[in-house]
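Asks: Letter by letter, the chains look like this.
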Amino acid sequence: MTSGSRNIQQISSATIILVIAISVAWLSYTRQPAEAFLFPRLISIVFLVLSIWNFARAALGLARVGEGVDTTSAMHITPGLVVMAVYVFWLANFLGFYVASILTFFTLLTLYDTGNRKQFSNWVTRALITVFFMAIIYGLFNYVLKVQLPRGLLI
Amino acid sequence: MEFLGYFSHVFEPISLLLLVGGTIGGLILGATPGLSPTMAVALLIPFTFHLQPSQGLILLGAAYTSTVAGGAVSAILLKIPGAPANIATALDGNEMAKKGEGAKALHLAFMSSAVGGIIGVLLLIFLTPTLAKWALAFGPSHLFWIAILGVTVIGTLDSQSFVKGLLSGCIGLWLSMIGYDDIQGAERFIFTDALTGGINIIAALIGLFAIPQVLDMMSKGRSLSSMGAIEVQRQSLTASFKEMISNMRALSIGTVVGSIIGLIPGVGGQIAGLVAYDQARKFSPDKDKFGTGHPEGVIAAESANNAMVGPSLVPLLTLSIPGSPTAAVLLGGLLIHGIFPGSDLFKNHAAVAWTFIDSMLIGQVLMVIFGIYIANLAAKIAQVPRSVLAAGVFILAVFGAYSVQQSMGDVRVMIVLGVAMYFLEKFGFTAAPLVLGLILGPIAESNFLQGSLIAGAQDGAAVYFLTGTLNLFLIALVLASVGYAFWSTLMAKRQADKSEKTGKA
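These protein sequence lines are chains A and B, in that order. First residue of the first sequence? That's 1 in this note's numbering, and the numbers climb one at a time after it. First residue of the second sequence? That's 1001 in this note's numbering, and the numbers climb one at a time after it.
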């Protein structure tokens, strides 16, 4: 990654933190009752001062800690993030926790497995790993911990 | 000698089973690169929810101890430290394995881990009650400053940038305020229904420690295949034991350095292993052999990283200030069982506290026994492809977060915090101070409000919070931790500039 794009990323992250700090301070000083926001007011001042300091360092190109996110890594994690989000925000409720988990586990495994996707045996291996792992999870949570997980269309 | 009376609790069937299971599981998790001790303990917390407090803590304590030691397996056989605490172990351990001395390196690693670990736990046994009695003198203002000290110390020492470390702590403190205020019942920073009950600590711990590691594994794409481990030949245990005894200097240096570093809040095992390795090399007549497969290097590093474990719990159990990121997660484990560390711990929960500490002592012995015999198996498991680990840890994190309160809201909060933490880490922010802020926030706030009420009836808040010997001492510690971090950042910058200039010249 070039130092220019690293600086831009540092400034962007510092800006987001600064916006959060300003919002926290603004909400702490405008919301009522004041007694409930006594501690938030105290902390928000420290938060704001540190955020300004952090932003100033980033803007002046002095922020050296943190390598930022390179394009290759971002490209690699994006499909995984999408699968995670679909699973947690929609699929688990729609299909049920276990079926959604099986599909998610298998999809993540397929996305990041190094095995050749054209070989049928690799698909069988991945399916077997998924069944084995999810059987353990099912046994552990359903029978040992007795946790009732949300059910959807299936289980 | 009160601790002697609670050993029988550890030998109750379920407790012993958890201790053995936690030790074996911890060794395997520790040996697996990419799974840190902190993440392992965070993932285990939901399981302790269904156990009695002492049993839950036995499981967490065993996992904490053995994951640190288990990291030596992959450090020695794969040259990939299982945890940051094992970085120094890989330097000589892997060279020994390459020379066909893998079994000897593993024996030395586990035996010296046990020696360091036992001495560390003995320190915990003898220092904790004394400090806890001392903590009885603390009032709300002192407890407020101690909570702030916890956040600043770990924020400044655990982070490469002290501004970002402190900012991480502030973010954690802010997150701790989300939800309904305890006294007024007022809504604070609730942006969605999932946040009405505030942020669940366990879901947050799992998200902050597990999800960034999952994303980190994913960021490597499909390029990472499993790693090849060096095969281990048989080796006499007696010969390894004699070798360890003949290297008493390295063992002593490792144990002393680890114990001292463990007592300093926020420093952690990585520093303990590296400092002990460096000191052992300085005091050794065979300095040149370090890095070429010298047993002293393995002994010093491993005795130090396990000697750190016991003392890291001293500030946690007495003052609620964790000595390491894993201890911070353990604090979460204590709080979900309604156990608040501090002066009352050994008065109100003596059985839980002493059973936990005693189990850590027995856990050290079990760790050597199982460590030596399952090292080969652990090395094989450590070669599990990253794709399986990433998918498995993610699903386990989701199920774990859900099982605490049976809430999908917690799972969503866990994912959002985890993904945010992954990106924050890429910009130099760290999870440990954020977690500390989240855990210590309510303690700081309740003592701040209690102190404000007392101050209102006396001479005012400034006098109550800013005067008195203990208050001034604690404020000085807060300022010293920030000042020290500022100074070391400045020194590191000067050093970097100097190296840059020398490079250009």
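Among the clues, some could well be false.
[What the hints assert, rightly or not] Chain A side only, calculated, beta carbon under 8 Å to chain B, not exhaustive: (1) ILE17; (2) TRP53; (3) GLU67; (4) GLY96; (5) VAL99; (6) SER101; (7) LEU109; (8) ASP113; (9) VAL131; (10) ILE137; (11) GLY139; (12) LEU145.
In case anyone wonders, no lab produced these hints; they're calculated from the structure. Every value quoted in this text rests on a predicted model; they were computed, and no experiment measured them. For every residue, glycine included, the Cβ atom is placed at its ideal position computed from N, Cα and C.
Asks: Can you list which hints this structure breaks, lowest number first?
Replies: 4, 5, 9 and 11
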